[in-house]
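A.B. asks: Use the sequences and the hints to build the structure in full.
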Amino acid sequence: MCQCCAEKKDIYLPQLATVADISQMNVTEKYLRLAMDDGQFDFLPGQFVEISVAGIGEAPITISSSPTLGDSFELVVRKIGRVSGAIHNLKRGDKVGIRGPLGKGVYPVEEAKGKNLVFICGGIGMVPQRSFINYVLDNRGDYGDVAILQGTKSYDLRLFTSEIDAWSKRGDVQMLETLDEGDPRWKGNVGVVTKLVAKIETDLKSAMILVCGPPIMYKFVLMALAEHDVPHGNIFLNLERKMKCGVGKCGHCQINHAYVCMSGPVFRYSDLASLPEAI
Amino acid sequence: MTVKKIAKSDFTSFVDALIRTEKTIGVQAKGDRFDFAPLESAKDLRLDYDVTLQPPKKYFLPPSEVLLTFEVGGPYQSQLDGQKFILLGVHPYDMVAINQMDELFQQDNCDVHYVTRRQNATIIACDVAKPSDHVFASSMGTAVVKKGYDILLTDIGDSFVAEAATPKGEQLLAKAKGVKADAQALKKREDVWARNKKSLNKHELKCDPAYLPKLLAKAYKHPVWEEKAKTCFSCGSCNQVCPTCYCFNVQDDVNWDLKTGQRVREWDGCLLDGFTKVAPAHEFRKARADRFRHRLYRKGAYVPQKIGGQIACVGCGRCVGACLPDIANPVSIYNRLIDDLGIG
Numbered sequence: 160m161c162q163c164c165a166e167k168k169d170i171y172l173p174q175l176a177t178v179a180d181i182s183q184m185n186v187t188e189k190y191l192r193l194a195m196d197d198g199q200f201d202f203l204p205g206q207f208v209e210i211s212v213a214g215i216g217e218a219p220i221t222i223s224s225s226p227t228l229g230d231s232f233e234l235v236v237r238k239i240g241r242v243s244g245a246i247h248n249l250k251r252g253d254k255v256g257i258r259g260p261l262g263k264g265v266y267p268v269e270e271a272k273g274k275n276l277v278f279i280c281g282g283i284g285m286v287p288q289r290s291f292i293n294y295v296l297d298n299r300g301d302y303g304d305v306a307i308l309q310g311t312k313s314y315d316l317r318l319f320t321s322e323i324d325a326w327s328k329r330g331d332v333q334m335l336e337t338l339d340e341g342d343p344r345w346k347g348n349v350g351v352v353t354k355l356v357a358k359i360e361t362d363l364k365s366a367m368i369l370v371c372g373p374p375i376m377y378k379f380v381l382m383a384l385a386e387h388d389v390p391h392g393n394i395f396l397n398l399e400r401k402m403k404c405g406v407g408k409c410g411h412c413q414i415n416h417a418y419v420c421m422s423g424p425v426f427r428y429s430d431l432a433s434l435p436e437a438i
Numbered sequence: 026m027t028v029k030k031i032a033k034s035d036f037t038s039f040v041d042a043l044i045r046t047e048k049t050i051g052v053q054a055k056g057d058r059f060d061f062a063p064l065e066s067a068k069d070l071r072l073d074y075d076v077t078l079q080p081p082k083k084y085f086l087p088p089s090e091v092l093l094t095f096e097v098g099g100p101y102q103s104q105l106d107g108q109k110f111i112l113l114g115v116h117p118y119d120m121v122a123i124n125q126m127d128e129l130f131q132q133d134n135c136d137v138h139y140v141t142r143r144q145n146a147t148i149i150a151c152d153v154a155k156p157s158d159h160v161f162a163s164s165m166g167t168a169v170v171k172k173g174y175d176i177l178l179t180d181i182g183d184s185f186v187a188e189a190a191t192p193k194g195e196q197l198l199a200k201a202k203g204v205k206a207d208a209q210a211l212k213k214r215e216d217v218w219a220r221n222k223k224s225l226n227k228h229e230l231k232c233d234p235a236y237l238p239k240l241l242a243k244a245y246k247h248p249v250w251e252e253k254a255k256t257c258f259s260c261g262s263c264n265q266v267c268p269t270c271y272c273f274n275v276q277d278d279v280n281w282d283l284k285t286g287q288r289v290r291e292w293d294g295c296l297l298d299g300f301t302k303v304a305p306a307h308e309f310r311k312a313r314a315d316r317f318r319h320r321l322y323r324k325g326a327y328v329p330q331k332i333g334g335q336i337a338c339v340g341c342g343r344c345v346g347a348c349l350p351d352i353a354n355p356v357s358i359y360n361r362l363i364d365d366l367g368i369g
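Heads up: the protein sequence lines correspond to chains A and B, in order.
For the numbering used here, add 159 to where a residue sits in the first sequence, where the first one is 1.
For the numbering used here, add 25 to where a residue sits in the second sequence, where the first one is 1.
Treat the hints as calculated values from the structure; they're not laboratory data.
If a hint is listed, it holds; no wrong ones were tucked in.
Calculated Cβ distances over 10 Å to all of chain A for the following chain B residues:
1. Lys33
2. Val217
3. Ala219
4. Arg220
5. His228
6. Lys255
Straight-line alpha carbon distances no greater than 16 Å define the calculated EDC-like cross-link-like pairs of lysine to aspartate or glutamate that follow:
7. Lys246/B with Glu436/A
8. Lys274/A with Asp331/A
9. Lys263/A with Asp133/B
10. Lys155/B with Asp60/B
11. Lys189/A with Asp253/A
12. Lys284/B with Asp253/A
13. Lys328/A with Asp304/A
14. Lys168/A with Asp106/B
15. Lys246/B with Asp315/B
16. Lys302/B with Glu436/A
17. Lys222/B with Asp233/B
18. Lys311/B with Glu436/A
19. Lys202/B with Asp35/B
20. Lys168/A with Asp133/B
21. Lys274/A with Asp362/A
22. Lys167/A with Asp106/B
23. Lys254/A with Glu96/B
Glycine residues also receive a C-beta, built at the ideal position from the N, C-alpha and C atoms.
C.D. replies: Set out below in structure tokens:
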């Protein structure tokens with residue numbers, strides 16, 4: 160008999176967590192800070208959780224906070240389906256179920272040490288990237304130059320505005336932001352996020368590039384990086400798929416032979432050569 | 026381990042004794058076809074069947090099962106099915122499929138729901154007595170099986186040869202009236218195996234199944250996927266009858282009190298439109314041809330990577346019979362690729 164059966168350990172069994180904090184970020188995004196009721200929660204930047212709202216269901220969401228935050232962790236959820244809609248109705252003190260942390264493909268926390276880093280984020284792609292960004296900033300001496308590119312559809316959909324302001328003012332981060340649509344309230348760049356690539360001050364060829372955004376964005380970012388001859392081994396893409404079990408069984412998140420929940424969600428671009436369905 | 030020769034009349038008494046002591050599921054007639062169902066009497070058992078409508082997978086991974094129960098705001102509780110049962114009449118190709126499922130559900134993250142049911146089961150396999158219309162187990166190397174069962178039965182005419190393969194099987198077989206199988210009986214069993222290795226082959230694969238991953242490695246952009254998928258209804262029948270399909274969906278059901286409920290796992294199928302759809306509208310494998318290709322690649326390339334190269338098509342032929350537009354036959358697809366792309 161295998162160990163899991165001897166202990167009746169159930170990979171589908173969520174543990175309870177309490178909503179420690181919840182607030183509306185913009186029209187579609189909600190911020191949550193969660194604390195596990197049993198206190199235990201260790202994760203790496205890039206890992207995700209399956210969050211359950213009893214009676215509604217379960218959804219995979221990548222952790223947005225850095226492990227350096229402490230005992231609790233943060234999620235940002237867009238209201239878009241049944242489970243995310245129910246998450247938006249939660250209140251402080253409510254209980255949710257959490258499975259995880261899940262995912263073995265995480266940000267290259269160790270490999271990136273001493274290297275220059277470029278984060279390219281499209282829309283809520285900032286949410287998972289923020290976990291590694293804050294990890295790097297909390298261990299600033301371990302990493303080289305840091306450039307953060309954020310492209311957002313419109314002014315009202317901007318996220319983490321005060322955090323982005325703080326990063327802009329640090330002096331050791333090159334923060335570049337753009338909006339797809341211009342707005343009278345916005346004095347910065349207008350256009351898609353790939354337009355910002357040319358403005359990056361660090362040497363792109365030797366940098367590690369971390370990318371997360373909507374499915375359509377990857378192709379264009381990769382084209383922009385190809386113009387700068389960035390080696391594929393230096394590019395990391397955070398991929399999203401439909402996912403149910405999160406533990407390599409249900410088959411929904413499969414990209415050719417790879418399960419996003421097992422091999423991802425963060426993939427090295429050079430490893431995607433055998434996965435034509437990836438991009 | 027014990028190998029017995031059991032006269033057919035004694036075997037009937039043995040099965041009736043099994044039914045009295047434990048839940049026993051066996052192959053029975055269903056109209057002019059066959060299916061696994063709980064047995065009430067040994068006379069309903071049909072070990073002369075060709076193929077069952079559904080594979081026995083449903084007893085380990087039911088079409089719908091409760092994984093957890095919950096009360097809003099309270100802890101989730103695992104629900105494990107504790108009922109022991111005997112599964113009687115599993116053909117070798119289906120046994121191979123169960124062996125593959127065993128590996129897949131235990132590897133990486135062990136699925137305690139599947140494994141608990143599997144451990145509760147005593148499997149009495151039986152060699153094929155009559156080939157079905159579409160079987161190609163001989164081509165897939167699954168016409169005979171050597172592991173996974175507790176007892177293996179072989180019909181040698183007036184009696185069965187029954188071989189115990191586990192302590193559980195040994196214990197059960199001790200209850201059957203019979204004699205130690207003699208050389209003549211064993212020879213007859215060898216003859217059945219030799220016959221089945223050749224005759225369960227209504228569709229003949231033109232290569233060793235071990236070559237399929239290499240064949241598929243160069244077939245990703247072949248026109249066959251588009252051609253076949255043109256008439257595909259995306260109905261998922263091929264998924265539904267497949268003994269090695271195990272994709273599933275999970276959803277919550279709430280009870281009338283609106284406080285308690287259960288998390289339910291249900292079969293899903295990669296051919297169904299929406300299998301890869303995320304809210305609000307993006308679908309990663311939207312084209313029918315891409316979904317059609319994915320199923321064949323799972324059987325011949327992707328799943329084999331997870332189970333040491335074993336091909337995840339066992340040649341039962343159920344998909345061939347279930348597919349209305351008649352495009353699902355894996356052999357005709359693989360052979361077409363061999364014709365066009367060659368071997369080697």
